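Dock chain E against chain A, hints included.
The primary structure of each chain is shown beneath.
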Amino acid sequence: MDSVLPVEDRGGPAQPLLLASGLRKHFPVGGGLLGRGRKVVRAVDDLTLSVAKGETLGVVGESGCGKSTVARLLIRLLKPDRGTMVLDGDPVDEPHGITVNELRRQVQMVFQDSYASLNPRLTIAETLAFAPKAHGLPAAEARDRVRDLLAKVGLEPDTYAERYPHELSGGQRQRVNIARALALRPRLVILDEAVSALDKSVEAQVLNMLVDLKTELSLTYLFISHDLNVVQYLSDRVLVMYLGKIVELGPVEAIYGDPQHPYTQALLSARPSMDPRKRTKEAPIQGDPPNPIDPPSGCRFRTRCPFAEDVCARVEPPLADTGRQEVACHMRVAGSGHSKAVA
Amino acid sequence: MSNLLEVRDLHVTFVTPDRTVHAVNGVSFDLKRGETLGILGESGSGKSVTLRSILRLHPEHRTRWSGSIRVEGDEVLDMGPRALGDLRGQRVAMIFQEPATAFDPVFTIGHQIAETVQRHTGKSEADAYRRARELLEMVRIPSPAQRLKAYPHEMSGGMRQRAMIALALSCNPSLLLADEPTTALDATVQIQVLLLIRELQREFDLGVIFVTHDIGVAVEVSDRIGVMYAGKIVELAGVEQMVDAPQHPYSRGLLASTVHDGMRGQRLEAIPGAPPDLGEVPTGCSFAPRCKFVQPACVAKPPDLRPTGQNHLVRCILTEAVAA
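So the sequences go chain by chain: A and E.
If you count by the numbering used here, then the first sequence holds residues 1 to 343, one letter each, in order.
If you count by the numbering used here, then the second sequence holds residues 1 to 324, one letter each, in order.
If we strip away everything but chain A, and leave its shape as in the complex, we get (with noise of 0.2 Å):
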């Protein structure tokens, strides 16, 4: 009974409630007889992630960077090769820690693609109903808190709440989806390109009940988007990757305001104007980002950068902290060998 009543903080304030260090997935593609001549696809490589207790944090980058990757490792449905991950105090999946389950519970996900997230044979009641069902919510307690979730993120309960998948617009099944995910009172949850199939309208609805459900729930955000301009909306922090690895990850004033990673300054320049006075005149980097498989040895983007020199091919750049934000790049680290590294 108790697992679904919403968990209380531990930790305290300041303890994150998520950790992650060393996340590391690589998928074997291809391969010969015997796995010779096997290739692997670097996914994410090294990844070390906190997320705070109430903040929102952004996840950024073009398809192939690792962003929908993590969202998987983080939530356990893709097992990471290395890795350990702490909840709140709690390893994850360790002796001492707490089962992958009790991990579920407290995090939760919201996917793209809302047609096939929901069961189509379901009813919106019997989905939301689902999970608190099978974690011992006698039905009568959980018909009133399929109530209570349909309400939430504005769908009426009575009009709603017998209606099937294919009987709502994207929209509405993107906010049973998200009802859904707060159905066992999460305390993270993360929404892995949650609007990007959404019409700007709906969006621009959708992007407020997330806001306001985030203060009436005191819900933490992981928010992954190849959208800059919505994760610059929604987030407190950002975190930008490039090819399986951080390559910026900062306050959003510091990432917004004053990139420091070449690839940050190229991504955000590369957003169309929507002044037409001041129309992009030059691409700001050429060339599509290289396959995942085999990335380029040292610095990941030096193949695509304008300031790659011999250091960058040969060394991997260390995540360094400039003091408002993490940057990976050698021109940000003193004595790294790079002509333009600063002194």
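It should be emphasised that the hints constitute simulated quantities derived from the structure, not laboratory data.
All of these numbers come straight from a predicted model, not from anything done at the bench.
The C-beta atom is built at its ideal place from N, Cα and C for all residues, glycine as well.
Wrong hints could be hidden among the right ones.
Distance condition first, Cα-Cα at most 27 Å in a straight line; then the derived DSS-like pairs of lysine-lysine [what the hints assert, rightly or not]:
| hint | chain 1 | residue 1 | chain 2 | residue 2 |
| --- | --- | --- | --- | --- |
| 1 | A | Lys-39 | E | Lys-149 |
| 2 | E | Lys-149 | E | Lys-123 |
| 3 | A | Lys-281 | A | Lys-53 |
| 4 | A | Lys-278 | E | Lys-32 |
| 5 | A | Lys-281 | E | Lys-32 |
| 6 | E | Lys-292 | A | Lys-152 |
| 7 | A | Lys-152 | A | Lys-133 |
| 8 | A | Lys-79 | A | Lys-39 |
| 9 | A | Lys-39 | A | Lys-133 |
| 10 | A | Lys-214 | A | Lys-281 |
| 11 | A | Lys-152 | A | Lys-214 |
| 12 | A | Lys-79 | A | Lys-53 |
Just some of the chain E residues that point at chain A, by a computed CB distance under 7 Å [said to hold, decoys possible]:
| hint | residue |
| --- | --- |
| 13 | Thr-183 |
| 14 | Ala-187 |
| 15 | Gln-192 |
| 16 | Arg-264 |
Same frame as chain A, now just chain E:
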């Protein structure tokens, strides 16, 4: 100067045994050579249906048309199969959102471009391949000679989209139709393709219709922007007027609900509700159920597209009141 394209009171209805959809309900606009018109709208607004009608790409037996589409004076809706074949690719070309499905996976890029060149110009195979190579150079594909031999799956998304632009321009069309061509691309690649389209448009003095749901993209490429809602153009204006002073409540709502720089912490002005079902012909303004300025006159009869200023058309009876 005469218009490259004239669309007049276009209606497109899809009829199936189960259902009728009134996808386009009276669209009119002109396009001159060398001009780019952006058509902005959400899913189901009829923007892609309008675009595809210009090439008559809809299934003939399920589609009912009325109105007129003239390309360089010739009526597209009256064309027979032969005239349509000459229109498609040669005078009017189209690029799509998903280049992976627009190319045939079992033939090389070079083969597919050369085939098109041969079909429309009657060049020899060797000449057609030479032309294909020039085209790949023109869209700035590195090592074009090798890329001619590549299959679509061997190219990245950005390269495939460049190759599709090369294919589209292979027969020197005068009108290019672009259906969300950068939506599936990454941000750093999208801007490259937008700039390429803008450059080629100038170089070849193309008329371009660029359909998108992304306001930023429309602003980057368009001279004029038409906003579509429920199968109608609700506002048509020069890009600066549209961004600075949109008049129709829907255009205003769309611009206000689009998140951009400096909106952090502000509440978004979302438009309530969802677009209407197009199963029936609207009897009044289609946007009325979602409009905060709605009046009894709005639902009595559909409003006309009226001029409110120079080159600025708005389909709203309250334009003066709303603008104030």
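Evaluated hints:
Distance check on the hinted pair: Lys-39/A and Lys-149/E sit about 24 Å apart at the alpha-carbon level, within 27 Å; holds. Distance restraint check for Lys-149/E and Lys-123/E: the Cα-Cα separation of roughly 20 Å lies within the 27 Å cut-off, and the hinted pair is therefore satisfied. Under the criterion of a C-alpha separation no larger than 27 Å, the hint pairing Lys-281/A with Lys-53/A is inconsistent with the structure, at around 42 Å. Among the hinted pairs, Lys-278/A with Lys-32/E is consistent with the structure: their alpha-carbon atoms are about 24 Å apart, no more than 27 Å.
Distance check on the hinted pair: Lys-281/A and Lys-32/E sit about 24 Å apart at the alpha-carbon level, within 27 Å; holds. The hinted pair formed by Lys-292/E and Lys-152/A meets the criterion: a straight-line CA distance of about 24 Å does not exceed 27 Å. Of the supplied pair hints, the one linking Lys-152/A and Lys-133/A holds, its CA atoms being roughly 19 Å apart against a limit of 27 Å. The hinted pair formed by Lys-79/A and Lys-39/A meets the criterion: a straight-line CA distance of about 19 Å does not exceed 27 Å.
Our distance criterion of 27 Å between C-alpha atoms is broken by Lys-39/A and Lys-133/A, whose separation comes to about 44 Å. In summary, the hint linking Lys-214/A to Lys-281/A is not supported, as the alpha carbons are separated by about 39 Å, beyond the 27 Å threshold. Distance hint between Lys-152/A and Lys-214/A is fulfilled; the C-alpha atoms sit about 11 Å from each other, no more than 27 Å. Taking the CA atoms of Lys-79/A and Lys-53/A, the gap is near 24 Å; set against the 27 Å cutoff, the hint holds.
At about 11 Å, the closest approach between the beta carbon of Thr-183/E and any beta carbon in chain A exceeds 7 Å, and the interface hint on this residue is violated. Checking Ala-187/E against chain A: minimum C-beta separation of about 5 Å stays under 7 Å; hint holds. This hint holds: Gln-192/E has a C-beta 4 Å from the nearest C-beta of chain A, less than the 7 Å allowed. For Arg-264/E, the suggested interface contact is upheld, since its CB lies about 6 Å from the closest CB of chain A, less than 7 Å.
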